[in-house]
Amino acid sequence: MNNSSLDSGSLSRPRPRIESIGALIPSEVVTSTDLVNQLAVDKKPPLEAVTGIVERRRAAPSDTSLDLALAAARDALEGSRYEAADIDLIISCSITRMVSVWRTQFAPSLAAVIGREIGASKDALTFDVANACAGMATGLFLADRMIKTGRATRALVVSGERITLITDTAVREIKDSYDPQFAALTVGDSGCALVVDGEGTEPDQIEAISLATASEAASLCVALPSDRSEGIAMYTDNKRMHSERRYTQAMEFVQHGLEGLGTTMADADYDYLIHHQFSLVALNYMRSIGEEKVFNGTMPTELNVMQFLGNTSSTALFLVLYHHIRNGTVEPGDRLLVVPTASGMVYGFISLRVGEAVA
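Quick note on the numbering used here: the sequence shown kicks off at 421 and runs consecutively.
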């Protein structure tokens, strides 16, 4: 499935933009060394060397996906010119849906609960969407379309990920240095939220956003209840998932997005590039494929946070944006290339201009 994002309508149509961004980053730090030392294996896997992840954050034992999402939503609204009552669309995008310890909720939707808790209008449209680590990118895609078509005017795209539960299972169960639960050691907990409206301008807008699924790879990463201990486990075929073929597909989809904008990697003049945050080593490999086999030229400077936050799954792309806006790296007027990738396999292309409101 390929959902093209190109806007062929008139200039009078709403221009979606990110108006505000908020986050919740837990305080507890867990290092890769800490995790590896807990594994009952003779040969310790080189987790930090293979991924570039030095540490990640863990939520408090009593914190839930809902708690993290609510904190991020309130932070985003704190920086917004809008009140919660002004929001008419709420999309919750998390993989995890914990509302209490060991209780996962599908109905009512987390979006509906978040709307009630923050004081959103009772008339606001609320729903959940799950698309693995591309969750918030998918939520932003939907908000973009609904604002463009007049179905919404102001959206809250939010995710709370209490995902280190799969790390706990992996630590208990990994018995070999190459184990399908290895990727579960990379994740970190977090919350992130975006306020999106239709008041963008040329230097402040979501220029394009599109997603595609290569479903032949859907079985390469799955999460389900463990059959060996109490808990949720994630199993990944890392060799097949993180391959030249998959990375080439991702870069070719970016090329397709650039062509839709009528530009090239060389001419687009992007200030920064944001990838999904799963491995610095893998991103270097993907860059080499893009530069040598797809774009025939240099890609933009990458921004990352995985070194100290790990792979925060559905929130990862926008935690990078949040952090680098806060530290002053990303400034008003910057043009960003954002590249979602996720289990599924999901590939994406987002071209984004950052305005005064969010930066």
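Accuracy of the hints is not assured; some may be wrong.
Below are the EDC-like pairs computed for lysine to aspartate or glutamate, each with C-alpha atoms no more than 20 Å apart in a straight line [claimed, not checked]: (1) 463 - 596; (2) 595 - 679; (3) 568 - 622; (4) 464 - 650; (5) 595 - 503; (6) 464 - 647; (7) 464 - 448; (8) 713 - 657.
So the derived label-pair ranges between C-beta atoms look like this [what the hints assert, rightly or not]: (9) 622 - 539: 50 to 60 Å; (10) 716 - 447: 40 to 50 Å; (11) 676 - 621: 38 to 48 Å; (12) 462 - 528: 18 to 28 Å; (13) 684 - 543: 20 to 30 Å.
Simulated from the structure, these hints should not be mistaken for lab results.
From the three backbone atoms N, C-alpha and C, an ideal C-beta is built for every residue, glycine too.
- Query: Taking each numbered hint in turn, which are not upheld by the structure, reported in ascending numerical order?
  - Reply: Per hint list: 2, 4, 5, 6, 7, 8, 9, 11, 12, 13 violated.
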